[in-house]
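Since the structure of chain S is provided, determine the placement of chain F on it from the hints.
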Amino acid sequence: MKLKLTEEKLLAPKISNEKLVGLYKQMWLIRYFDEKVDEFFAKGMIHGTTHLAVGQEASASGVCALLDIDDKITSTHRGHGHCIAKGATADKMMAELFGRTTGYCKGKGGSMHIADVDMGNLGANGIVAGGIPLAVGSALTAKMKNLNYVTVCFFGDGATNEGSFHEAVNLASIWDLPVIFVCENNQYGMSGSVKEMINVDDIATRAKAYGIPGVVADGNDIIEIMNVTDDAIKRARRGDGPTLIEAKTYRWKGHSKSDAKKYRTREEEKEWRAKDPIKRYKQVLIDAGLFTEETAEELRLAAKKEIEDAVKFSEESPMPTLDDLLTDVYA
Amino acid sequence: MREITYLEAVREAMSLEMRKNKDVFILGEDIGVYGGAFGVTRGMIEEFGPERVRNTPISEAGIAGAAVGSALTGMRPILELQFSDFITIALDQIVNQAAKIRYMYGGKGKVPMVVRTPSGSGTGAAAQHSQSLEAWVTHIPGLKVVQPSTAYDAKGLLKAAMDDDNPVIFYEHKLLYKTSSDVPEEAYSLPLGKADVKREGSDVTIVATAIMVHRALEAAAELEKEGISIEVIDPCTLVPLDEETIIKSVVKTGRVVVVHEAVKRGGYGGEIASMIAESEAFDYLDAPIKRLGGAPSPVPYHPDLEKAHAPQVSNIIQAAKETLNKV
Numbered sequence: 000m001k002l003k004l005t006e007e008k009l010l011a012p013k014i015s016n017e018k019l020v021g022l023y024k025q026m027w028l029i030r031y032f033d034e035k036v037d038e039f040f041a042k043g044m045i046h047g048t049t050h051l052a053v054g055q056e057a058s059a060s061g062v063c064a065l066l067d068i069d070d071k072i073t074s075t076h077r078g079h080g081h082c083i084a085k086g087a088t089a090d091k092m093m094a095e096l097f098g099r100t101t102g103y104c105k106g107k108g109g110s111m112h113i114a115d116v117d118m119g120n121l122g123a124n125g126i127v128a129g130g131i132p133l134a135v136g137s138a139l140t141a142k143m144k145n146l147n148y149v150t151v152c153f154f155g156d157g158a159t160n161e162g163s164f165h166e167a168v169n170l171a172s173i174w175d176l177p178v179i180f181v182c183e184n185n186q187y188g189m190s191g192s193v194k195e196m197i198n199v200d201d202i203a204t205r206a207k208a209y210g211i212p213g214v215v216a217d218g219n220d221i222i223e224i225m226n227v228t229d230d231a232i233k234r235a236r237r238g239d240g241p242t243l244i245e246a247k248t249y250r251w252k253g254h255s256k257s258d259a260k261k262y263r264t265r266e267e268e269k270e271w272r273a274k275d276p277i278k279r280y281k282q283v284l285i286d287a288g289l290f291t292e293e294t295a296e297e298l299r300l301a302a303k304k305e306i307e308d309a310v311k312f313s314e315e316s317p318m319p320t321l322d323d324l325l326t327d328v329y330a
Numbered sequence: 000m001r002e003i004t005y006l007e008a009v010r011e012a013m014s015l016e017m018r019k020n021k022d023v024f025i026l027g028e029d030i031g032v033y034g035g036a037f038g039v040t041r042g043m044i045e046e047f048g049p050e051r052v053r054n055t056p057i058s059e060a061g062i063a064g065a066a067v068g069s070a071l072t073g074m075r076p077i078l079e080l081q082f083s084d085f086i087t088i089a090l091d092q093i094v095n096q097a098a099k100i101r102y103m104y105g106g107k108g109k110v111p112m113v114v115r116t117p118s119g120s121g122t123g124a125a126a127q128h129s130q131s132l133e134a135w136v137t138h139i140p141g142l143k144v145v146q147p148s149t150a151y152d153a154k155g156l157l158k159a160a161m162d163d164d165n166p167v168i169f170y171e172h173k174l175l176y177k178t179s180s181d182v183p184e185e186a187y188s189l190p191l192g193k194a195d196v197k198r199e200g201s202d203v204t205i206v207a208t209a210i211m212v213h214r215a216l217e218a219a220a221e222l223e224k225e226g227i228s229i230e231v232i233d234p235c236t237l238v239p240l241d242e243e244t245i246i247k248s249v250v251k252t253g254r255v256v257v258v259h260e261a262v263k264r265g266g267y268g269g270e271i272a273s274m275i276a277e278s279e280a281f282d283y284l285d286a287p288i289k290r291l292g293g294a295p296s297p298v299p300y301h302p303d304l305e306k307a308h309a310p311q312v313s314n315i316i317q318a319a320k321e322t323l324n325k326v
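Protein sequence lines, in the order shown, are assigned to chains S and F. Residues in the first sequence are numbered from 0 upward in steps of one, following numbering that gives the first Met the number 0. Residues in the second sequence are numbered from 0 upward in steps of one, following numbering that gives the first Met the number 0.
Because the hints were derived from the structure by calculation, they are not lab data. Be careful, since some hints might not be right.
Said to hold, decoys possible - Ranges of calculated distance between the beta carbons of each label pair, as one might list FRET restraints:
1. F/Met274 / S/Arg237: 54 to 60 Å
2. S/Thr48 / F/Lys193: 51 to 57 Å
3. S/Asp308 / F/Ser188: 45 to 51 Å
4. F/Asn20 / S/Lys18: 38 to 44 Å
5. F/Asn20 / S/Thr264: 57 to 63 Å
6. F/Pro295 / S/Lys261: 42 to 48 Å
7. S/Val328 / F/Gly269: 21 to 27 Å
Where is the CB? At the ideal position from N, CA and C, for every residue including glycine.
In isolation and in its complexed conformation, chain S is listed as follows:
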């Protein structure tokens, strides 16, 4: 069956019911991954810093659900969800945060640099907007080599105030490149509210300046995310160029582990928690008759188990030796 969003708009037909149900589990996997990371940081079990995307699962899962294995993504410092949605496994991701050699980057990249180039994940990025020009370059390869893949570029609201955003989106537009710019507007660039730092109501309106479509979507509604992404991907594959999607969402946790969240109210957080993207999607699937409460619960527990297994895998994985300091150095 096809899942109805409204009378006019059907869910992208390429997504099977099985996959729709799988996305529910994936969203829990993303949430449990980040919650586990949060717990381990609090306990001092992993070091460094981390940025959690709890509450933002719908945009990662919804966008990547429409991608093929050949398609590419670039991600951000808040990128665990994007990685999982693009096919990364929780065990190798957790191992990376544990600094183990079995991690995606052999323990040398950490939370902000998880990449899996062979699977089309061109990397998370510690530099705000740093991945946007990279995504444009990836799309340029597709165009020059006449390959059919698209590149999705994830970034936050804060990144749209960087010069790199302007330069890269303009490039993609003038060259009609197959790239989809997905701005996850979670309302804050660290402590800077979008109300304070951006003087337009919708970041998507910035698209107009580049002559490309700009679409606002409810970032906590995975069905809407999939629909707008489907349109953007079709446009990109036709050779008509990029689209800017603004997914309005909210990060439940602070910016990073040291955030006292003084810049926002607990009431605001409560309001957004009520818009929980996972809970909403569960209801959609139940209403559509795609699964029952019982199946939903089984999937949630399976996701939880997968994270526990990932932790076990990480704890049992070897540490790098000091000889590894200079491996993969060429200059």
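Then chain F, alone, in the frame of chain S:
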């Protein structure tokens, strides 16, 4: 063998490679019908078309990133940065992305790209279009840095840079574009990390880069008249640096002058001098190591001041004599 200019040698190296390898393309500002600010790409868009000689907007950060992203996904871009000063605007993509991807991703992913960029003073373009900022990029693990001084070297080193699977910053000196030397017509590669002894001598070693190689050779010819024998070493690449050739020369001569056009303070000459001081050559030194570099000021506009900013032949002669206590 025929003689061509340094500029023609750079263009020829690119053209030969682009005929052979469809993944190689060039992008940059005004490189299309205009032919590039210095004319390096003149005629290339006619031969290779606008897809592969890709004229870009004035967006250094954006085009540098596009080069990195395309390299990471299978292309082999050559980015022409119109003036090396503009690397300031592209540095995030070069320093934080291109240089680190391989290591940061645990050895996966490669970024085969060349950033070609004209540097140096002497054109009257003043403070923002005349700098020699190569020391900045030598400081970054993950970037190879090349500074050819002749047409022959430019062609061979650029071939090696294009063949490399890692990011290479390739500095072309503006005043060398019109200089000529014998250059084979076919493609050839000069290894990165191999210095070239431009002149053999026994009394003083001069380690010189880019245009300073030519000034050092002039100084050597002058000093020869006074019976002083100078060895001139051109490192050709700063990263990797051919330490062995430099050390061997200093062991032989016992005296060394390091000269570059970049501002002396924080310049790469400090690195070369330290490397010598830390090596077995230290025991052979008969005089303190001399360093010559640009004055500690922005590059000025007035031609006399501009000239005074960079080391000249007379300064090199003086420095070499100082190491011999012949001043």
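Hints, one by one, checked against the model:
| no. | hint | verdict |
| --- | --- | --- |
| 1 | F/Met274 / S/Arg237: 54 to 60 Å | 56 Å, holds |
| 2 | S/Thr48 / F/Lys193: 51 to 57 Å | 42 Å, violated |
| 3 | S/Asp308 / F/Ser188: 45 to 51 Å | 50 Å, holds |
| 4 | F/Asn20 / S/Lys18: 38 to 44 Å | 40 Å, holds |
| 5 | F/Asn20 / S/Thr264: 57 to 63 Å | 58 Å, holds |
| 6 | F/Pro295 / S/Lys261: 42 to 48 Å | 44 Å, holds |
| 7 | S/Val328 / F/Gly269: 21 to 27 Å | 22 Å, holds |
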